Amino acid sequence: MDSPWDDLALAFSHTSMFPFFDFAHYLVSVMAVKSQPGAVALAWKNPISSWFTAMLHCFGGGILSCLLLAESPLKFLANSTNVLLASSIWYITFFCPHDLVSQGYSLLPVQLLASGMKEVTRTWKIVGGVTHANSYYKNGWMVMIAIGWARGAGGAIITNFERLVKGDWKPEGDEWLKMSYPSKVTLLGSIIFTFQHTQHLAISKHNLMFLYTIFIVATKITMMTTQTSVTFAPFEDTLSRMLFGWQQQFSSSEKKSEAKSPSNGTGSLASRPSDVASDNVKKKLTKKNE
Amino acid sequence: MDSPWDDLALAFSHTSMFPFFDFAHYLVSVMAVKSQPGAVALAWKNPISSWFTAMLHCFGGGILSCLLLAESPLKFLANSTNVLLASSIWYITFFCPHDLVSQGYSLLPVQLLASGMKEVTRTWKIVGGVTHANSYYKNGWMVMIAIGWARGAGGAIITNFERLVKGDWKPEGDEWLKMSYPSKVTLLGSIIFTFQHTQHLAISKHNLMFLYTIFIVATKITMMTTQTSVTFAPFEDTLSRMLFGWQQQFSSSEKKSEAKSPSNGTGSLASRPSDVASDNVKKKLTKKNE
Amino acid sequence: MDSPWDDLALAFSHTSMFPFFDFAHYLVSVMAVKSQPGAVALAWKNPISSWFTAMLHCFGGGILSCLLLAESPLKFLANSTNVLLASSIWYITFFCPHDLVSQGYSLLPVQLLASGMKEVTRTWKIVGGVTHANSYYKNGWMVMIAIGWARGAGGAIITNFERLVKGDWKPEGDEWLKMSYPSKVTLLGSIIFTFQHTQHLAISKHNLMFLYTIFIVATKITMMTTQTSVTFAPFEDTLSRMLFGWQQQFSSSEKKSEAKSPSNGTGSLASRPSDVASDNVKKKLTKKNE
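Chains as they are written, first to last, in UniProt numbering: chain A, 1 to 290; chain B, 1 to 290; chain C, 1 to 290.
Bound conformation, chain A alone:
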């Protein structure tokens, strides 16, 4: 199996993230901070607060996974080089005369390159999280999925929490845990890499990393160039119909039978024997929903 493809995937999986990919990740994160309303004015008035927010955006996933594994949330500070790199990017982005960095970043090819490279770091983070969690809990596959997910997409949770503490953000019961697209694709990746790690997927790790990275980079670039958003909607619908569908069938047949209530005998066969019971349930449900 020493094919050129395999060689390429293996070489790719040994790529070091450090200077270039990390740089792209920090740049995209800091530009996200800067694009928030009022961020530039805040940086002038209170640079330390702005720097702190930028660091949370750059290292949020790592901080969350440390908290979940009961490691020091300051662990990222021990890697001085990366913190200094991120700080320099924050400094240049916010305080560069004539806003040169923002002007450069506003070119589409630059954005595409940086975002694509940022997605590559996501794969590395998921794999790192899954492996790290495995060293704590042998075969604790749920923990592995959770940590891979937290490291890959946890920055959003950390930064939302920061905004909550700062009073910038009022959470709504509905929005809580409603996942964004990056969050979903990271969860999917975390599940796949966990199953690969527990030997339930007959594919080598470097091949999987290569394929997953191509998938997320391609999706990201497609989304950015076509201004559309890729969703998992069909897949989610199928899954939700599999899991909750038989119940929804009852609900919809109830509704139908309700709509047809004058001609009572036209309900579907499946719904008829349960009509009385389901009415009780419906009343209960509506009571509880009030």
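Read the hints as simulated data drawn from the structure, not as lab findings. Some hints could be false.
Same chains, same label: a pair holds when it works inside one copy or across any pair of copies.
[Unchecked claim] Each computed DSS-like pair below joins lysine-lysine, with the alpha-carbon atoms no more than 27 Å apart: (1) 45 <-> 184; (2) 34 <-> 138; (3) 166 <-> 220; (4) 138 <-> 166; (5) 75 <-> 138; (6) 138 <-> 45; (7) 45 <-> 205; (8) 184 <-> 220; (9) 220 <-> 75.
Quantities reported herein were computed from a predicted structural model and do not represent experimental measurements.
Based on the hints, put chains B and C in the right spot on chain A.
Same frame as chain A, now just chains B and C:
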């Protein structure tokens, strides 16, 4: 001391919580989630958020005690069997056609049995927490009490915190740390088991577990059947009079002497010499209370 | 180098904090709790909540540094003697008849002595935090600074967070991370002691402890007696001009050139070549600030 009673208590203290008692605990916790207004509608719209809330209710005490001992808050996920059991109960409770589980649970004997069995798990959790804390801090009796309490009754704190983050709950300064009855009885149990563990109570552990369990199960069932609430009010009053009473005596005698201010000489003997000083204090207090 | 000064500094650096200095620290902290509006009434109504707040004020720095190093936040409870000392002070302060403690504390010399002694404990905490962090992360100088800072001044963060959870405090985006004077002087101390620890400062630790303690005690007492507030404003201005000044220069020259816009040629030489570019930047900035 090999009496039948002792044998019974010993056998009882070796009962495994796993399938049946844990099942009852998860059932009662999930039904508590379901009885919240809007919970059923939320489960249809956002199942992951609902599942997350249910897990916090089922494993909240363990999560809090892990946080307080600097262990991974995801430790409970490593025990896949229990998580799957709790998830199944959540799934059946929320999505069972015709709401069969809720209908079954609405029968009083079922509720009594489930609640009684849930209280049994409380004893096991307190003892587990106290023993676990002792393995970290030898003779750190305050830590032992706190961890026993957190594991036995900490779910309420975790779930309140979740509601705070979700924006469902506005805390009031007054309500903070105002303890509910389960919280108080768990604190009492935690203190008792800690003193037993540090050899300050001349009673064997299995006897104490048996007696404490009988006490909390009996109280719970009495409260549920008679719809009254057992309170520690007399005990608390005594304690608070012991601790703060002599000061309250002063306050009340001050009030009396104030009421009788026209006939200035009729104050009690104890209060008279301190009248001037206490007036100063009162003014300060009222100033500070404004 | 066995001068009397050196002997004095060495003896000073071996002073034990335990009974007297810790007492002063707890007293000042509890009096700060008591001076909050409504604190006395709350203590009568809900003593446990009041006690909890007092403990957070007394041990907040230690709790925060434990959280940041992934140690148990209950570690302070293991030191029963100190907790009992702090609890006694809380009890006497809040429930002493005729408010004797508050009356005694209202005398300026008592306040000066207590506050001075409290500042001494700050030095010990910073040094302890720096040394402790070094035992986790060899040469992780950022972690050392952060932990020294957290232990010395972290109580404010913990107590603000408690007020946030209790609903007493609404944070404003602007105030977040705006540091108070104690916070700044602790950060400075933490940086100095970290550099001393990593051998970048050619001064012995006991001498540095002595000098730093004299500095913070003297500043504190000056501030209390003269009712003025010492600020680092000139130092901060210099630093901020060094870091962000060249950019501000551009901004101000832009403003000037804007003011002089009718006579367009009078701008300073430095600002002229960049006028067009800087206008673009200005527009962007104002857009983003909207």
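Structure-based check of each hint:
no.	hint	verdict
1	45 <-> 184	between (36 Å within a copy, 16 Å between copies)
2	34 <-> 138	neither (41 Å within a copy, 34 Å between copies)
3	166 <-> 220	neither (31 Å within a copy, 30 Å between copies)
4	138 <-> 166	neither (38 Å within a copy, 33 Å between copies)
5	75 <-> 138	both (23 Å within a copy, 12 Å between copies)
6	138 <-> 45	neither (48 Å within a copy, 34 Å between copies)
7	45 <-> 205	neither (48 Å within a copy, 36 Å between copies)
8	184 <-> 220	within (13 Å within a copy, 43 Å between copies)
9	220 <-> 75	neither (30 Å within a copy, 34 Å between copies)
Consistency with the previously given hints fails for numbers 2, 3, 4, 6, 7, 9, ordered from lowest to highest.
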